[in-house]
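Number of protein chains: 2
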Amino acid sequence: MAPGESTERGTDRDNTAERGTDRDDTAVRDAAGTPAPSRRALLGWGGAGLALGAAAAGGAAVALRGDGGGGDATGTAADSGAAVPFHGRHQAGIATPVQDRLHFAAFDVTTGDRAELVQLLKDWTRAAERMTAGHAVGDGAYGGLPEAPPDDTGEALGLKPSRLTLTVGFGPGLFTKDGEDRFGLARHRPAALPDLPRFPGDNLDPARGGGDLCVQACADDPQVAVHAIRNLARIGFGKVAVRWSQLGFGKTSSTTPGAQTPRNLFGFKDGTSNIAVTETDALDRYVWATAKDGSGSGSGTGGGEWMADGSYLVARRISMRIESWDRTSLQEQEDIFGRDKGEGAAVGKAHEHDKPNLKAMLPTAHVRLAHPDSHHGVRMLRRGYSFTDGTDGLGRLDAGLFFLAYQRDIRDAFIPVQRSLARSDALNEYIQHVGSAVFAIPPGVRDKDDWWGRTLLS
Amino acid sequence: MAPGESTERGTDRDNTAERGTDRDDTAVRDAAGTPAPSRRALLGWGGAGLALGAAAAGGAAVALRGDGGGGDATGTAADSGAAVPFHGRHQAGIATPVQDRLHFAAFDVTTGDRAELVQLLKDWTRAAERMTAGHAVGDGAYGGLPEAPPDDTGEALGLKPSRLTLTVGFGPGLFTKDGEDRFGLARHRPAALPDLPRFPGDNLDPARGGGDLCVQACADDPQVAVHAIRNLARIGFGKVAVRWSQLGFGKTSSTTPGAQTPRNLFGFKDGTSNIAVTETDALDRYVWATAKDGSGSGSGTGGGEWMADGSYLVARRISMRIESWDRTSLQEQEDIFGRDKGEGAAVGKAHEHDKPNLKAMLPTAHVRLAHPDSHHGVRMLRRGYSFTDGTDGLGRLDAGLFFLAYQRDIRDAFIPVQRSLARSDALNEYIQHVGSAVFAIPPGVRDKDDWWGRTLLS
Chain A
0 MAPGESTERG TDRDNTAERG TDRDDTAVRD AAGTPAPSRR ALLGWGGAGL ALGAAAAGGA
60 AVALRGDGGG GDATGTAADS GAAVPFHGRH QAGIATPVQD RLHFAAFDVT TGDRAELVQL
120 LKDWTRAAER MTAGHAVGDG AYGGLPEAPP DDTGEALGLK PSRLTLTVGF GPGLFTKDGE
180 DRFGLARHRP AALPDLPRFP GDNLDPARGG GDLCVQACAD DPQVAVHAIR NLARIGFGKV
240 AVRWSQLGFG KTSSTTPGAQ TPRNLFGFKD GTSNIAVTET DALDRYVWAT AKDGSGSGSG
300 TGGGEWMADG SYLVARRISM RIESWDRTSL QEQEDIFGRD KGEGAAVGKA HEHDKPNLKA
360 MLPTAHVRLA HPDSHHGVRM LRRGYSFTDG TDGLGRLDAG LFFLAYQRDI RDAFIPVQRS
420 LARSDALNEY IQHVGSAVFA IPPGVRDKDD WWGRTLLS
Chain B
0 MAPGESTERG TDRDNTAERG TDRDDTAVRD AAGTPAPSRR ALLGWGGAGL ALGAAAAGGA
60 AVALRGDGGG GDATGTAADS GAAVPFHGRH QAGIATPVQD RLHFAAFDVT TGDRAELVQL
120 LKDWTRAAER MTAGHAVGDG AYGGLPEAPP DDTGEALGLK PSRLTLTVGF GPGLFTKDGE
180 DRFGLARHRP AALPDLPRFP GDNLDPARGG GDLCVQACAD DPQVAVHAIR NLARIGFGKV
240 AVRWSQLGFG KTSSTTPGAQ TPRNLFGFKD GTSNIAVTET DALDRYVWAT AKDGSGSGSG
300 TGGGEWMADG SYLVARRISM RIESWDRTSL QEQEDIFGRD KGEGAAVGKA HEHDKPNLKA
360 MLPTAHVRLA HPDSHHGVRM LRRGYSFTDG TDGLGRLDAG LFFLAYQRDI RDAFIPVQRS
420 LARSDALNEY IQHVGSAVFA IPPGVRDKDD WWGRTLLS
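Protein chains in written order, with numbering that gives the first Met the number 0: chain A, 0 to 457; chain B, 0 to 457.
Among these hints, one or two may not hold up.
For identical chains, the list gives no copy identity; a pair is met inside one copy or between any two copies.
Here are the simulated lysine to any residue pairs, SDA-like style, with alpha carbons at most 25 Å apart [stated by the list, open to error]: (1) Lys447 with Pro196; (2) Lys238 with Thr327; (3) Lys447 with Arg410; (4) Lys358 with Asp397; (5) Lys354 with Gly157; (6) Lys348 with Arg395; (7) Lys291 with Asp122; (8) Lys238 with Gly270; (9) Lys238 with Asp391; (10) Lys447 with Gln259; (11) Lys176 with Arg453; (12) Lys291 with Asp411; (13) Lys121 with Tyr429; (14) Lys291 with Ile430; (15) Lys358 with Glu342.
Everything labelled a hint here was simulated from the structure, so no lab data went into it. Here the structure is a predicted model, which is why all the values come from computation and not from measurement.
Excised from the complex, chain A in its bound form (with noise of 0.2 Å):
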């Protein structure tokens, strides 16, 4: 920067912009409808991403995401670089395709004035309908004066969208926390979002589980979950604190129908059977919640209208034991599965989706305890990504799956499975759950009027 510059920046700090190699110089507006130029724009990137953000500034057609239930035409893997629409009857992130990196993070509301706690989340909207579609959080690149904080810290300048998704989620800290109903919400806790039963070998560490509110970032360029979740917790700075996050470096599911089944770290390939973005009618029975759920016995009895077309969320942090499972014979290991370790088919069967014979399985066999045919037909849609965070002081790799599982009422699905797979799954032997939370995931943003969680606290 010349020195010479620095007022005329102070006041105009479009200028800046003008230093981009190849700048678009029609305005671009952003999925708010607000002029701004873009941070593609403003580095010279163009392509595919920019485009589609000139296309849904069109005035008032931003794009909708229709009824988010099917894949949508953007976000597939060919076009990993594109935006995932943010607005929809749903939230992006559970029934669209499977991003190849995920960042997510679970807070503590720390202010008690529902006011605040309302504007947090108007003003993450606002900051996930900018990222999400690829621009920095806030007017302009950075925003603001050069004497004041930049409204983005820009480590995602130039990156594309990478078809990053935020999904944000209500813990049972939201509603009741120590007893106290701190934001008059506790009538509305959902009974489908229990707190979860002690399971025989959790080994739950608080600190990683938790939490009043979660975002999970999934991204195909891990800097840009990273960044998302960085911008939204300096956001909430002084109204939340983050508890715990996790980072995960690959996707172990699949939701798009064809797309090769990728393997955890176990080395088997993992939700072979799990409900695709095109399954609609699986995501309807099993996934959204809808206005006359929620209704029961349970740790709440809300739920209901503010909840339909959300869904509820389990994430456990399953740590696996990598050093002993790797001392495991080839048979052993396919006969605790249930499924061959090559091409991923059921015992007796030749390819991988051939429908399993579930009783030429051991009784104990993961998949076995685990399908939906040991469950009345239950189904949940899995989104989980392995992890690895370094050694854990005795020389072994601290690695494991990050399990993420959307349902439409976890009494239902996740309780009934996990009860299951604790008391009998021979895979236990090699793994161990160290973080536990649950999340009443709210009904998508419609619009550009619409914020996070409207139904629940408006």
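Given chain A's structure and the hints, the job is docking chain B onto it.
Chain B only, in chain A's frame:
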């Protein structure tokens, strides 16, 4: 797997391979010349990596990287699934284009037997030849019998080579440990591999530093990098134990001319004046050790011939005070770096690659203090990565830069530069060095009869 198949598979593991939908029935030889179905052939995956594997298999004509100083034809960002040749005068992973992701591991050698150490390095070399070419470890997909643990852990089956490079280094503890000359190597410790002095501000965690051996695994797919470290650790069971490891989710330095300069987590472009893989003269002058190097004062007096064509690596885990930085004004951020945030231009300049006028920067500016012109022109090849490892227990993201720099002599490069930075860098208010290690990087593995460390240990 059909029950009836089990006997056959026990006697002829290749039957498994028949399940592939698109199997190339030509036996593919791996880089080590052993006939074996590749992991991609097994799963019906073809493409560039396989073709390269087949080409490399034509008898003794294993692809060599020439002198390794120039950019090789493979390994460009445009072809991120391809294989980077493993054999060469220099190890790959230094002057080859920087990949997107990192898994770095430091090991303690737990055996005191020199022959076991030599065998480990030979086993690692053979495994690295296979993995960098996109094959599984061992013969076949898993190798061995169903009654035995698989030779490969399997989670990279079906994935492309992803430009995987594996780079091995020898820490001070390999030469002497607790005053003991375990392997008869004490006299070979290079003078260019000193113990680092304690720098002002260092807050080093011994659990995140040191190590007798290191492996730097870089790849465009993190699952491929994690798989490689995990399999080397598994092969080393009983001889080495992982001391610490670090995942890097995003590169912060490019070594490819004309590529977009990545941004660090402070939002600034990092590595603008890094040594590019095409700068053969600079590599020879500042990165590659020669047979004449290694004498003089320091912690060692060896080096010399065994280190010819090798290099020296300094690894530092640098924690960033993200939240404090994000509340700092844009002007102050730019003053601290000495570059503007958007373009990355030095103070008083218009473009990122304009030659900086150091005197126009504050005396405490990071770029001014670190610039080669402030250090008699000495340069390092930086290959650092951003990391995020959850939270620090105080609601702050545990994030930063895992700094990796290759140099011809640590006494002439890292130490004087870091002395200057530790004393005066304005950035010190926002960073802390929390992990540290140094390694001698031996020369490359020349061919399939060569092995990592031969020049030192044979």
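Hint-by-hint comparison with the structure:
1. Taking the shortest alpha-carbon separations for lysine 447 and proline 196, neither the intra-copy value of 39 Å nor the inter-copy value of 56 Å comes in at or below 25 Å.
2. Proximity of lysine 238 to threonine 327 under the C-alpha cut-off of 25 Å is restricted to the inter-copy arrangement: shortest distance 19 Å between copies versus 48 Å within a copy.
3. When the C-alpha separation of lysine 447 and arginine 410 is checked against a cutoff of 25 Å, the pair qualifies neither within a copy, at 34 Å, nor between copies, at 58 Å.
4. Taking the shortest Cα distances, lysine 358 and aspartate 397 never come within 25 Å of each other, neither inside one copy (34 Å) nor across copies (47 Å).
5. For the homomeric pair lysine 354 and glycine 157, the shortest alpha-carbon distance between copies (22 Å) is at most 25 Å, but the shortest distance inside one copy (45 Å) is not.
6. Within a single copy, lysine 348 and arginine 395 get their C-alpha atoms no closer than 35 Å, and across copies no closer than 49 Å, so neither meets the 25 Å cut-off.
7. For a Cα distance limit of 25 Å, the shortest separation of lysine 291 from aspartate 122 qualifies neither inside one copy, at 30 Å, nor across copies, at 62 Å.
8. Taking the shortest alpha-carbon separations for lysine 238 and glycine 270, neither the intra-copy value of 37 Å nor the inter-copy value of 36 Å comes in at or below 25 Å.
9. In this homomeric assembly, lysine 238 and aspartate 391 come within 25 Å of each other (Cα to Cα) only across copies, at 18 Å, whereas the closest approach inside a single copy is 33 Å.
10. Taking the shortest alpha-carbon separations for lysine 447 and glutamine 259, neither the intra-copy value of 36 Å nor the inter-copy value of 33 Å comes in at or below 25 Å.
11. With identical chains, the CA atoms of lysine 176 and arginine 453 are at most 25 Å apart within one copy only, with a shortest distance of 21 Å there and 62 Å across copies.
12. Taking CA atoms no more than 25 Å apart as the test, lysine 291 paired with aspartate 411 passes inside one copy only; the shortest distance there is 15 Å, against 72 Å between copies.
13. In this assembly of identical chains, lysine 121 and tyrosine 429 lie within 25 Å of each other by CA distance neither inside one copy nor across copies; the values are 43 Å within and 30 Å between.
14. For the homomeric pair lysine 291 and isoleucine 430, neither the shortest alpha-carbon distance inside one copy (37 Å) nor that between copies (52 Å) is at most 25 Å.
15. For the homomeric pair lysine 358 and glutamate 342, the shortest alpha-carbon distance inside one copy (20 Å) is at most 25 Å, but the shortest distance between copies (63 Å) is not.
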